[in-house]
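**Q** Put chains B, C and D on the given structure of chain A with help from the hints.
There are 4 protein chains.
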Amino acid sequence: MIFVLRPSATLSDRQRLVHEIEKLGARAHDVSEGSTLAVATQSAPGASTSALGALQALPFVERVLTIAKPYKLAAREAGKGRSVVSIGSVPVGGDSFAVIAGPCAVESELQLRASALGARDAGASILRGGAYKPRTSPYSFQGLGADGLKMLRDVGDELEMPIVTEALDPRDVELVARYADALQIGSRNSQNFPLLSEAGRTGKPVMLKRGMAQTLKELLLAAEYVLRAAPAGAAASVILCERGVRSFDGETRNLLDLASVPALQELCHLPVIVDPSHATGRSELVAPMAKAAVAAGADGLMVEVHPDPLAARSDGRQALRPSEFAALMEKVERLLEIEGKQLATPLRRP
Amino acid sequence: MIFVLRPSATLSDRQRLVHEIEKLGARAHDVSEGSTLAVATQSAPGASTSALGALQALPFVERVLTIAKPYKLAAREAGKGRSVVSIGSVPVGGDSFAVIAGPCAVESELQLRASALGARDAGASILRGGAYKPRTSPYSFQGLGADGLKMLRDVGDELEMPIVTEALDPRDVELVARYADALQIGSRNSQNFPLLSEAGRTGKPVMLKRGMAQTLKELLLAAEYVLRAAPAGAAASVILCERGVRSFDGETRNLLDLASVPALQELCHLPVIVDPSHATGRSELVAPMAKAAVAAGADGLMVEVHPDPLAARSDGRQALRPSEFAALMEKVERLLEIEGKQLATPLRRP
Amino acid sequence: MIFVLRPSATLSDRQRLVHEIEKLGARAHDVSEGSTLAVATQSAPGASTSALGALQALPFVERVLTIAKPYKLAAREAGKGRSVVSIGSVPVGGDSFAVIAGPCAVESELQLRASALGARDAGASILRGGAYKPRTSPYSFQGLGADGLKMLRDVGDELEMPIVTEALDPRDVELVARYADALQIGSRNSQNFPLLSEAGRTGKPVMLKRGMAQTLKELLLAAEYVLRAAPAGAAASVILCERGVRSFDGETRNLLDLASVPALQELCHLPVIVDPSHATGRSELVAPMAKAAVAAGADGLMVEVHPDPLAARSDGRQALRPSEFAALMEKVERLLEIEGKQLATPLRRP
Amino acid sequence: MIFVLRPSATLSDRQRLVHEIEKLGARAHDVSEGSTLAVATQSAPGASTSALGALQALPFVERVLTIAKPYKLAAREAGKGRSVVSIGSVPVGGDSFAVIAGPCAVESELQLRASALGARDAGASILRGGAYKPRTSPYSFQGLGADGLKMLRDVGDELEMPIVTEALDPRDVELVARYADALQIGSRNSQNFPLLSEAGRTGKPVMLKRGMAQTLKELLLAAEYVLRAAPAGAAASVILCERGVRSFDGETRNLLDLASVPALQELCHLPVIVDPSHATGRSELVAPMAKAAVAAGADGLMVEVHPDPLAARSDGRQALRPSEFAALMEKVERLLEIEGKQLATPLRRP
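Chains A, B, C and D supply the protein sequences, listed in that same order.
Per our numbering, the first sequence runs over residues 1 to 350.
Per our numbering, the second sequence runs over residues 1 to 350.
Per our numbering, the third sequence runs over residues 1 to 350.
Per our numbering, the fourth sequence runs over residues 1 to 350.
Just chain A, same shape as in the assembly (with noise of 0.2 Å):
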């Protein structure tokens, strides 16, 4: 922890900051630099860092760096590899590149069918779909409910896809979690701790979107939230999704911040994939995206795809045609082989 005290600030301040540290059991090292005053205390078995933590109240200090990554479950260490996480019996991450896709929202069974056919013939594994949908606006369509989680489970079961679905209330969890093989936590839900937690402890795996403004640090930590749920003995499964982040610039619906993927795999052992419909909103940029995606290493692809985006009830401009779907799965699949990767396809049991 690094203690940097406010231009104000004079030696004997920092001679009480340095009495303060050490009487909380740890050792204090000057690292001030030209005028700037600055104290750095070395880890010691008994002090308490939330102890130490609060001395930043002092009113000469001006702020406090932390070195250590608060997040324990979902840092990578030396040494370790990454995870797999799967959903389903479709394996996500290594060498193993998932497609997610279907409609943002299941609309009806008929919809919901030729959605996923176009996505699993084009060489998605992973159905998606909304049935409760965030929706900004009050009087926005809000989704079908349970009674789109029975038409997904139905769709997938018959096309052998495995189903990702969005819960919204911690109180529909334990629904979602009943039909879905895997819930998504939305980006507007991405600090919302009571259902990380609720959503880790189904034990299934957790598809998490990164929040509009948040910092990956805070994506972690939210991860932390889920892992930490999760039931003894339940295997760490975490997938981590950037689909863009707020921006100054209208252009496109959010900037889409592809150098998190590298950045991220870096800092913790989690699977990565990328959302390019959500992160551009304009269809026409969902394949450069998607494509640019794969090179950055992502470990997946969550796509929209849609059979009438004209006829869509959310989020139609940012939807792919099945064609279109298909064009841009010919383009990932020559990528992946440079990355070293194939398509996930479901493991099959003997």
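The hints are simulated quantities; they were obtained by calculation from the structure and are not laboratory data.
A few of these clues could be false.
Just so you know, same-sequence chains aren't split out, so a pair can sit in one copy or run between any two.
[Stated by the list, open to error] Pairs of lysine to any residue residues, derived as SDA-like cross-links and limited to a Cα-Cα distance of at most 25 Å, are as follows: (1) K331 to D95; (2) K217 to A57; (3) K72 to R135; (4) K72 to D30; (5) K331 to D13; (6) K80 to G233; (7) K72 to R153; (8) K217 to K341; (9) K217 to R63; (10) K23 to E109; (11) K72 to E33; (12) K331 to N254; (13) K331 to A311; (14) K80 to T36; (15) K341 to E324; (16) K23 to L310; (17) K150 to E77; (18) K23 to Q42; (19) K150 to R178; (20) K72 to S35; (21) K331 to S96; (22) K80 to R6; (23) K341 to E174; (24) K80 to E33; (25) K72 to D13; (26) K80 to G46; (27) K150 to P322; (28) K80 to S32.
**A** Coordinates of chains B, C and D only, in the frame set by chain A:
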């Protein structure tokens, strides 16, 4: 609704769009400028807004600009005044400027009473304190929960201060509403739609904090979720709270957007207050920003006061000591005179 | 300097770093926390800061945190007061609150005089007006150039108001300095280092506007370019101007960061003023933000006043009419009383 | 042009606006939605756009939405293809993918040659290197100036690589243009209009980097300044360079906005390249982002290569060693195959 066409669009694309619009029963006007083709629709009784909006999925449409303000219950319409929302018997809004103060988190009855006394004696009329704390890290102090609620109620009753406290989980809303005079919805939950609706259902006033990267329009739509859920006959009762948005500069914790105060007051009829504590994260900046909020025309303040910031279990760096808070309140009272407002006080019943 | 190592770094990597640091003549302390390895350096007379910093290119180093504030001439050190900078004979800073007002662009002598009269009569003491206008589009009005400078000088002399005007091009700095009492460097040029140095060389006071996405540290380093270039013996004379930063929300033109005012006043000794006109871009928000700036402790204001905003050739949407400006100034004077300051007036020579 | 009226506007305000618009010779259409009043104008031969725009200063107007794309020379119009811009004899754009590589700053002829050799041998065809360096701090290394230019020219000639280098000051543009095959305008100067115009006047190709918080529209308007200044008969020759924008997350130096590549390619006819080095600031992220740029459809890359990053006088943390660069280029070539492009090579004259 204005449809702007892509650079590659042709005159016959525009013609097709006009045709589609007219098929839906609306009128279309050519509003192209330079080489950019555009079509405006004129509202018509029979035409469905969402069907019109879906036309943005036409492959030659670049974007759709909408004119209507999508929030209806929150909107301020010509000729209607601004609302006063009462927390307990304390009016917030109009010429009644409410100061809500207390600790970040309820830590003990002793700490809470000391903070509340300091707050009340200096002129605060409403007590705040967190019983459920949304913490970025699962390893941080999460609040005392139901015990904290009871302490708040006891101290509030003792000092005749109504209380505001945060609800994090839709399953706790009923319990929180039993103890609190107003419910706070925090920044991280500013688009947690089930929580917003549940809070609205209680009929209690809701103090809604702006999200980290939330536009004013999105904030007003979040308020709309609350207002729509309110029981029949209950008065519209949301108080908006500006608390800073995420910034690129780490000098302050957040970037306080004070212009949002008059901007929101123009767009809606709801009271708008300011939280300078979370906005800045540094106690030495709280007083200047609190004063600035008064001068910007805010309807109230929410300030963190702690009897011993060095011992605080959360956010001690931004808490004012009671003496600092009292010094601030003297200035606030003088500023209110210029604004033609008074400090809110409980309405005494005859 | 604190070196934080990458998650994959090993103890022997840390050992190598310690060795490299000691080779450069500095002391190294272990400040690792949890599983994150880190090393702090302690300043030593012989050690080169830039050679130490270059060690961040070691492949196992994640990042380097520096402690020293890199601006030296602008920094506020313990025990030293804050500076007052005079524009012409008008002092800016200390208890002298300066209001700079006038049109966005000089359009004609008639327009300029009408604006200046309105400004002066309401209490402004310094005249602003753009002769060289930095316009986002090359097709917009670019200012009257040298003719505008002459009009400014004439009207300023006539009304006994010193003038501030923007320089855009290092080649024009000398000419601008011949006419103006202070040079303005605009937001778009906040890191135009040749222009900053050239402005500093004139020895005239420089009013430096914060860049669109400039951190306070970068703003102070920009000031450092000016201060370093000032002729020997010339007093340090930069005035910083907060004018809003880029935001994700289009409700206002920019996002006025008023907390930067007290934050800058803590970090440096230079006066800090606020431009509420460019910050908001909407005339109805100018008065609330101007008042808020006074209450936040600003040392002055810069406000656009136009006799006929409908006829303005640039930024009419944000200009105050003289009557609106006069109403604002009445409030400003009352607010200044609370701050213990007065409106700046020219110092009369005996 | 769409005029949206303030919530407090009345029907007679709208009537007045219609009247003012018609007085200016344009047609007005009612495009109100819900309770929000709005008027659209239809272009008319006689009507002045700027006079229409000035109507936004009417006190009841909330905002004006413009339809026209304000950049004309950069715009991509229906039916016209995209441009190829040559630097020296190396074509950039179309199916010719150009890799520009070299050190951040020219430090010595030895360092430059080692870097250039590594770059060329791996497949780069254009040499970069800074002779004039825009440094945030005046105390950092500012480049070798004219000596650096000469070294660039000598090494470029020796290795038959055209050179690109940055101009910072309009007064240096002529000198830089004498030595360089293309001029770079850096992020900090992306709205330095005199510099943009001066660069355009040379008739040399200009490589224009996106500003820290610059919208795509503003970037295209900056290009417009260059294109407008080009001598009569000179081909339009600007290359746009995405290099990341400012972000709230310190994990990477900037936030690389790869979606800007296809978005710009839709809006304009100019080649768009990507600089992954400044975008990320971390050498381990350069390769993933360079590859992603190829897959996103970029027309080229600019990458920093240094023979000994530990000894670099600037930005060593983001420089690739020649061996790392060579490994990247192998992947780039395979990716280009998928895109149907080849690495740019100098056009041999017969």
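**Q** Now tell me if each hint is right for this structure.
**A** Here is what the structure says about each hint:
no.	hint	verdict
1	K331 to D95	both (17 Å within a copy, 17 Å between copies)
2	K217 to A57	both (23 Å within a copy, 23 Å between copies)
3	K72 to R135	between (33 Å within a copy, 16 Å between copies)
4	K72 to D30	between (29 Å within a copy, 21 Å between copies)
5	K331 to D13	neither (62 Å within a copy, 29 Å between copies)
6	K80 to G233	within (19 Å within a copy, 60 Å between copies)
7	K72 to R153	neither (34 Å within a copy, 37 Å between copies)
8	K217 to K341	neither (28 Å within a copy, 38 Å between copies)
9	K217 to R63	both (18 Å within a copy, 15 Å between copies)
10	K23 to E109	neither (67 Å within a copy, 27 Å between copies)
11	K72 to E33	between (32 Å within a copy, 12 Å between copies)
12	K331 to N254	within (24 Å within a copy, 28 Å between copies)
13	K331 to A311	neither (27 Å within a copy, 41 Å between copies)
14	K80 to T36	between (39 Å within a copy, 15 Å between copies)
15	K341 to E324	both (23 Å within a copy, 21 Å between copies)
16	K23 to L310	between (68 Å within a copy, 14 Å between copies)
17	K150 to E77	neither (40 Å within a copy, 43 Å between copies)
18	K23 to Q42	both (13 Å within a copy, 22 Å between copies)
19	K150 to R178	within (10 Å within a copy, 36 Å between copies)
20	K72 to S35	between (36 Å within a copy, 9 Å between copies)
21	K331 to S96	both (16 Å within a copy, 20 Å between copies)
22	K80 to R6	between (40 Å within a copy, 14 Å between copies)
23	K341 to E174	neither (34 Å within a copy, 50 Å between copies)
24	K80 to E33	between (37 Å within a copy, 19 Å between copies)
25	K72 to D13	between (34 Å within a copy, 22 Å between copies)
26	K80 to G46	neither (28 Å within a copy, 40 Å between copies)
27	K150 to P322	within (23 Å within a copy, 56 Å between copies)
28	K80 to S32	between (36 Å within a copy, 19 Å between copies)
Hint compliance for this structure: hints 5, 7, 8, 10, 13, 17, 23 and 26 are not met, and every other hint is.
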